[in-house]
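Spelled out from the first residue to the last, the chains are:
Protein chains: 4
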Amino acid sequence: MVRLELALTLSYEIRDPRGADFVFNIHAAQTPQQRVRDERLALSQPLVPEIQADAATATRLMRLHAAPGPLEVRYTATVDIDHHVAEPDTLAEVPVRLLPLDVVPYIYPSRYCQSDRLLKLANDEFGPLWQGYSRVLAIQHWVQKQVTFASNTSNASTSAVDTLIERVGVCRDFTHLMIALCRALSMPARIATGTDYGASPALGPPDFHAYVEVYLGQRWYLFDASGTGIPMGFMRFGTGRDAADVAFATIFGDVVAMAPVVAVRALEGAGLETPRHRREALSTADGSGSARAADASPAGPAALPLPGGHLTTQFPD
Amino acid sequence: MVRLELALTLSYEIRDPRGADFVFNIHAAQTPQQRVRDERLALSQPLVPEIQADAATATRLMRLHAAPGPLEVRYTATVDIDHHVAEPDTLAEVPVRLLPLDVVPYIYPSRYCQSDRLLKLANDEFGPLWQGYSRVLAIQHWVQKQVTFASNTSNASTSAVDTLIERVGVCRDFTHLMIALCRALSMPARIATGTDYGASPALGPPDFHAYVEVYLGQRWYLFDASGTGIPMGFMRFGTGRDAADVAFATIFGDVVAMAPVVAVRALEGAGLETPRHRREALSTADGSGSARAADASPAGPAALPLPGGHLTTQFPD
Amino acid sequence: MVRLELALTLSYEIRDPRGADFVFNIHAAQTPQQRVRDERLALSQPLVPEIQADAATATRLMRLHAAPGPLEVRYTATVDIDHHVAEPDTLAEVPVRLLPLDVVPYIYPSRYCQSDRLLKLANDEFGPLWQGYSRVLAIQHWVQKQVTFASNTSNASTSAVDTLIERVGVCRDFTHLMIALCRALSMPARIATGTDYGASPALGPPDFHAYVEVYLGQRWYLFDASGTGIPMGFMRFGTGRDAADVAFATIFGDVVAMAPVVAVRALEGAGLETPRHRREALSTADGSGSARAADASPAGPAALPLPGGHLTTQFPD
Amino acid sequence: MVRLELALTLSYEIRDPRGADFVFNIHAAQTPQQRVRDERLALSQPLVPEIQADAATATRLMRLHAAPGPLEVRYTATVDIDHHVAEPDTLAEVPVRLLPLDVVPYIYPSRYCQSDRLLKLANDEFGPLWQGYSRVLAIQHWVQKQVTFASNTSNASTSAVDTLIERVGVCRDFTHLMIALCRALSMPARIATGTDYGASPALGPPDFHAYVEVYLGQRWYLFDASGTGIPMGFMRFGTGRDAADVAFATIFGDVVAMAPVVAVRALEGAGLETPRHRREALSTADGSGSARAADASPAGPAALPLPGGHLTTQFPD
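Chains V, C, P and G, in that order, are what the protein sequence lines are.
Residue numbers for the first sequence follow the working numbering, beginning at 32 and rising by one.
Residue numbers for the second sequence follow the working numbering, beginning at 32 and rising by one.
Residue numbers for the third sequence follow the working numbering, beginning at 32 and rising by one.
Residue numbers for the fourth sequence follow the working numbering, beginning at 32 and rising by one.
Just so you know, the hints here were simulated from the structure itself, not pulled from any lab data.
One should not assume that every hint holds.
No distinction is drawn between identical chains; accordingly, a pair holds when it is met within one copy or between any pair of copies.
Stated by the list, open to error - List of simulated lysine to any residue pairs, SDA-like, C-alpha gap at most 20 Å: (1) Lys151 <-> Asp47; (2) Lys176 <-> Leu160; (3) Lys176 <-> Phe157; (4) Lys176 <-> Val199; (5) Lys151 <-> Gln177; (6) Lys176 <-> Ala230.
My request is simple: use the sequences and hints to build the entire structure.
Shown next as structure tokens:
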């Protein structure tokens, strides 16, 4: 088990005289694998934020309306993460007809992951491989070989297709490209965001992080698309189809945002592990993170090779 | 109340010797406003499909694995639609901080609705308008003025941004552009698909249809972005963020698809209405179409003008 | 006649130990309308640059290979501009079949001006207008109404289509959009670059400028797409299909570029005019700026309305 | 020497009552290496077309205004092609500072060849290779490995970037991608169009063709990007930056175009060769195809390795 201590400060200046609306996703998700031991939120304005958890993903959104002037949001938490650990060789892809219903949307293209345009590329590069965990690893390695990590090389409209062309990006861009390639092979894949761990100081101060979860066997497994961190030390805030769903802050109104300050450390002690690179597959989420889990179909591994390279969609005109 | 009788036939030739997987969304959604009186499914292969309804949206997905050779899917249903009817003037936009949690994702950009790129355009064109139903109507009219309906002018990768440039498209394209503009103003908007009603025979035989639902007051209201049909006669199959979520058929494997055959008629009789164009706002879905509805925040109309034209999103790098 | 005095300084630090190649376009073009009275070039390294003028456009390119270390390029010139002045009402569009051969390429789409995607938009908005100078003015006004000038809102891959969507940009972006719209109506249009005159100090210090030339009657006429300057005071360096052709500096090698320093002033004296906004059409270039001019077809005004809204291109597959 | 006999028929129906304007590029270019022995043009309407040759490229454009009704254009020619043949190992790339002025534009990005977005990819893949003919071959092989030839997989707005993503296309798409990659390495590259030779009958009847010319040493050398034909048998019509410049027909007005009919055969006889695949480099054009050639700088092979991977462009804002 890993125990992480987080301190996070966000600072804003609200210039709109009517104030501004904020939607934050900066709370640690609470799941069977990720337990929040204690947490504390401090706001510099006398506000009562509304905080709600999404039943399906355990993502917590905090919404508030701030008055003009400065706003500081400070969140601290101590979180225990007890990963589900699996042998990579046992994790097979799941045919679409056997996927739990709430997993199905993660095979569809999204704003930043245009998997529909990458069908041929994905099948050319990865089609013949064994359909399971090792194929996802092959995709991850391919992405890391094609793309170079460099700060300030992409912007809010950069998508997987752009990254494939320009071959440079930050963790979000690696994540989008890897997700798009997985979906192009009919593998459910989603973005996870939270805090980084183990990144080289050369990449800057501790920060938020974006990485990939792929659905294999009956769970979502972690992959660090950019390869810059140590997945065992990632604390999860949110998951979504792509970055469009998991901004850590969405702000409505005329507001100046300062750079966030993030600090995470792994605590030591009896029964506590220090995050390290691992050969095994790690997961913090089963297929349905909620009360709906009981309704989900059992999804056995694929008995037969899945049909590859032919995906047809029929839409209304 | 409207009573519709639907007969739908889809025909395929499966050429892959391993067979093919299908995900269909061709069942009428079952909601408090849309009740399925009777329905019947016939498959030309001896298959037991899996049919599941999504709790949040009432969309029913049917999944099956078909053997090589021909497959015919025939679905017939009689459906009663009892619209929630509202006075347009009473329907205000809802500030993001008051939206039910499961409505929030519909303000984010998606594969075909890149609302993040249209913030300035939407605010320039519609920013000063009264924030409610009539602003959505203004968007609908603007889209219909800019874009010309023409068959076979777009393809599976055409998005809202393409339609805005090329100014031609089919109902799906009108729908995507209208959704993108609504979201650019922080209004939750989604695609609905099902069957058309009342379209001019000049546009071809009866067909599937795609249209828009916008969240106002505490419900999702219907808008026919392309203006080709009569919303009161639309039967809903599915809803989603955009077409990526609501293909009526997604096929994995080497399959030839024939053109679908769709027939819908409105039954007449005591207490039954014939679909007609209406001035009032129509809805078939409240904010949460499910058991989760009870958890949803009451979303009152906006007391103050919403901050306009300033949307900031902060992502992990 | 206008007499302009220019002083221009470009500063670089060449970090590549092998040195770096530069292609500059910072000399005033020499044309019958724009005469260079005197000019001077000073380089901080002992180099003999190669300077050549393109016969067709009078654009002068200076190429050199600089050694590692600092490089300063200083160019000063005094230039007389004697505009060809025409009555707007006399300037008609020229049918493609009558265009001089070297003007034809300027009706084709280019990197940043995807006129091929704007045929319907251009015909919807401007198709019914009288085909001549006033139609170009209508395009210019439309662009200025749609797009807002704002520094640092676009980048090196921003194209006309992006500007149409995002509705914000700098002079280069206004120029690209206006060119694309003209070409979509089969009007030859090109970018001109040089120095600005008369821009509001609020837009920053004096700078390079990009504007539009449209071929009407038998000449290229000036239009300031962004409306930020006074065309009568523009000094032309280069022309091309779009910004891809007219970078003022293209650098091969590892080089840090400092911000350019530009100073222009209009001299006063007998027979000299101060640049001012004018109702008349201004031109500094005929259809063929070179010895080849004699071969060009006389291009009279269109006797008949040109066919509108139907452009077909047939390509090899 | 190769002697080719061409017969070409284009058929149209002009529906616009005002008639329609056409710009054709269907005449064999006349160059020192490609001599037209005899040629004949027949038009089914009594028209006197205007035919002009571009001095720089030898491309001949034919322009005419056709009356409503049918139009048939029939062009037959016998053409001798005497290729300049060079040893691949002797052909080095030319530093930009030594390129003839009229070759410089071919290193810039264009509508369908967005080389500016491929700098990193091109340098990653081809940066370390010897800078000459063999590097261009490496690019050609890479493109053929990535992209699959398939008819009807692209359209008039498909660009190099799209082909890189979707990995499928026709000869035009292969050509655009190869050109974009060459330019991203500062190698002048252009499209050539004309007639095909030696393509597999499986790819359809004889047709127009698009291929690549790259400037090496002091000449433009032929590369068949799609690898579907035998370059020694290609007859050249036009060259340009990309397909935007070399449509074989551009039509203004409401016109229905029928499929072109193309027939080419290689004549046999004393001193005549049958086109065959060759190891040597072939060229039909020197750096300046015109009277301007005498002004061009002699362009020796690069004495030093060229700076790689750093291209900076400075534009006016």
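Go through the numbered hints given earlier and state which of them the structure violates, listing their numbers in rising order. none
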